[in-house]
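*Asks:* Read off the chains here:
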Amino acid sequence: MIGRERMTVASQRLIAERTYELTLSGRLVQEMKQPGQFVHVKAAASADPLLRRPLSLCHIDHKQGQCTIIYRQEGKGTALLTQKQPGDVVDVLGPLGNGFPLEAAPAGGRALLVGGGIGVPPLYELAKQLTKRGVEVVSVLGFQTKAAVFYEQEFASFGETYVATDDGSYGTAGRVTDVIEARSLEFDVLYACGPKPMLRALAERFPNRPVYLSLEERMGCGVGACFACVCHVPGSETAYKKVCSDGPVFRAGEVVL
Amino acid sequence: MNRLAVELPGLSLKNPIMPASGCFGFGREYAKFYDLSVLGAIMIKATTKEPRFGNPTPRVAETPAGMLNAIGLQNPGLDKVLAEELPWLEQFDVPIIANIAGSTVEEYVEVAEAISKAPNVHALELNISCPNVKKGGIAFGTVPDVAAELTRLVKEVSAVPVYVKLSPNVTDIVAMAKAIEQAGADGLTMINTLVGMRIDIKTGRPILANGTGGLSGPAVKPIAIRMIYEVSQAVSIPIIGMGGVQSAEDVLEFFYAGASAVAVGTANFVDPFVCPTIIAELPALLDGLGIGHISECIGRSWKTGAHAVHCRA
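Protein chains in written order, with our numbering: chain A, 1 to 257; chain B, 1 to 313.
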């Protein structure tokens with residue numbers, strides 16, 4: 001069930017350029033189940049910045065009662081979040097949205113996980129849960145540059161992991177799709193999270209295959225009430241899906257990218 | 001005695017707190033958080049004759065202590081609201097204020113007539129102040145004669161009292177309010193959002209796909225307070241106040257300005273529990289100020305008498 005809690009910061013560390021790993025403790029963790037779900041975080045108690053920030057769950061640890069989110073410092077809200085110290089509280093609403101469908105990957109089958117930049121984090125919990133179900137995980141992670149790379153080792157602990165950078169400063173030079181092509185990576189199901197052009201390229205490259213994409217959009221409420229984050233449904237002028245409450249994960253073809 | 005109960009045309013409210021239109025959908029999302037029967041009323045999302053998708057994204061942009069939105073009146077259309085949304089809301093003991101919008105006078109009239117007959121719709125809120133649609137919306141809310149004529153035509157067909165939602169994007173809000181009162185409106189709701197814009201410094205282009213959007217949130221509260229203060233002294237119909245309300249203290253400030261009930265908008269996005277929280281906090285706030293009934297607060301900022309506050313516009 002969705003709840004609101006002032007969760008306690010267990011730890012926070014810089015893991016790549018402007019990229020932070022924040023671990024929170026609280027009872028709300030027990031409600032977090034699906035990889036790909038997100039939490040809506042209020043960076044300050046004051047009215048400025050006003051809105052919450054939607055951040056994907058990267059790691060859910062029911063035993064420890066902790067969850068981890070990874071975010072990139074972009075604006076005022078995330079800048080304030082970087083100042084949180086262990087013991088500080090963070091106002092969290094969640095878990096929100098519908099995550100990646102685990103059942104789409106057959107046991108003994110192979111899942112290809114494709115992440116771009118700050119879209120990489122939710123794939124970590126996905127890799128963990130898929131592995132537990134006996135699914136082989138192959139990961140392709142794309143970043144802009146070497147300094148932005150994070151969690152390569154963490155993903156490698158679940159299976160083959162390839163890194164690509166746009167500027168070629170680390171791993172394969174180019175896009176995630178270049179890695180998939182060059183290595184002729186096969187899969188039973190593909191899960192991806194990242195910038196829209198990357199998602200669009202994957203959907204076009206693998207039509208009629210089970211491809212699940214996690215979308216990002218500017219949000220207001222995060223619960224489906226404000227209609228800020230809607231996207232079109234193919235073949236209709238008025239039909240829509242809300243990224244926050246119908247998604248953020250959609251099967252490729254379900255919504256217009 | 002229920003010290004929060006408020007009587008307004010068409011509306012017997014157990015408390016004066018209601019979610020504002022466009023900030024609460026048709027209630028389904030927030031029903032997951034609490035029992036909607038605790039609310040004084042619900043102002044449902046603007047309904048037009050046909051389903052509308054609204055504007056392209058991005059539709060929201062944050063601003064200091066506020067946000068811009070350009071949703072564009074997305075809604076499932078009159079038939080679906082009548083067949084699905086309003087019947088679903090009947091499970092709650094709460095009066096519905098139906099916000100109606102249109103591109104033409106005929107559309108407003110048709111939607112008003114049909115939706116006002118729904119059993120749980122106790123009042124209409126005439127939306128002549130949406131800044132985010134090309135046709136209709138604010139076009140009906142910036143010229144007093146046009147607003148008055150639309151009010152009169154909607155009053156003719158409506159089975160329930162009609163409240164008109166005022167736009168702050170006008171030169172003379174008092175002239176507008178008076179014209180609408182004379183046309184027969186039963187009440188006013190104010191304020192809608194202020195037209196604003198943000199520009200992305202990386203692209204040099206407006207952030208919102210629509211270019212402009214409506215500014216809401218705590219940033220607009222002083223404007224709402226000032227306008228309610230002016231209008232409430234110039235008209236004799238009640239005002240449901242809105243604009244940046246976040247707390248029980250804010251609610252009291254709106255009452256002091258001249259509102260008889262208060263709607264909560266953007267704050268629902270920040271805290272889904274904000275309406276029940278405010279309702280729960282009001283009695284203690286009244287106690288602390290030695291106020292028996294919340295109605296005693298209406299217009300206190302300008303009314304003469306023992307509790308008058310000396311203040312000039």
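Among these hints, one or two may not hold up.
Cβ pair distances, simulated, as ranges [what the hints assert, rightly or not]:
hint	chain 1	residue 1	chain 2	residue 2	range
1	A	Q83	B	T203	26 to 32 Å
2	B	K80	A	Q85	32 to 38 Å
3	B	T203	A	P207	28 to 34 Å
4	B	T203	A	T145	30 to 36 Å
5	B	P56	A	T82	28 to 34 Å
6	A	E254	B	T203	25 to 31 Å
7	B	D93	A	E160	29 to 35 Å
8	B	D200	A	L185	43 to 49 Å
27 Å max Cα-Cα, derived DSSO-like pairs, lysine-lysine [unchecked claim]:
hint	chain 1	residue 1	chain 2	residue 2
9	A	K241	B	K134
10	A	K33	A	K196
11	B	K32	A	K33
Under 10 Å between C-beta atoms, here's a sample of chain B residues computed to sit facing chain A [unchecked claim]:
hint	residue
12	E249
13	F269
14	F273
Just so you know, these hints were derived from the structure itself, not from any lab.
Keep in mind that this is a model prediction, so the values were computed, not measured.
Backbone N, C-alpha and C fix where the C-beta goes; we use that ideal spot for every residue, glycine too.
*Asks:* Now, for every hint given, state plainly whether the structure supports it.
*Replies:* Results for each hint:
1. Q83/A with T203/B: 26 to 32 Å: holds, 28 Å
2. K80/B with Q85/A: 32 to 38 Å: violated, 49 Å
3. T203/B with P207/A: 28 to 34 Å: Roughly 31 Å apart at Cβ, these two residues keep to the hinted range, so it holds.
4. T203/B with T145/A: 30 to 36 Å: For T145/A against T203/B, whose Cβ atoms are near 21 Å apart, the range 30 to 36 Å is violated.
5. P56/B with T82/A: 28 to 34 Å: Since the Cβ atoms of P56/B and T82/A sit about 32 Å apart, the hinted range of 28 to 34 Å holds.
6. E254/A with T203/B: 25 to 31 Å: Given a distance of about 29 Å, which is inside 25 to 31 Å, the answer is holds.
7. D93/B with E160/A: 29 to 35 Å: violated, 58 Å
8. D200/B with L185/A: 43 to 49 Å: Violated, since D200/B and L185/A (Cβ atoms, about 36 Å apart) do not stay within the stated range.
9. K241/A with K134/B: Holds, because 23 Å separates the two Cα atoms, which is no more than 27 Å.
10. K33/A with K196/A: holds, 25 Å
11. K32/B with K33/A: Holds, at about 18 Å.
12. E249: violated, 13 Å
13. F269: Check passed: Cβ of F269/B comes within 4 Å of chain A, closer than 10 Å.
14. F273: holds, 7 Å
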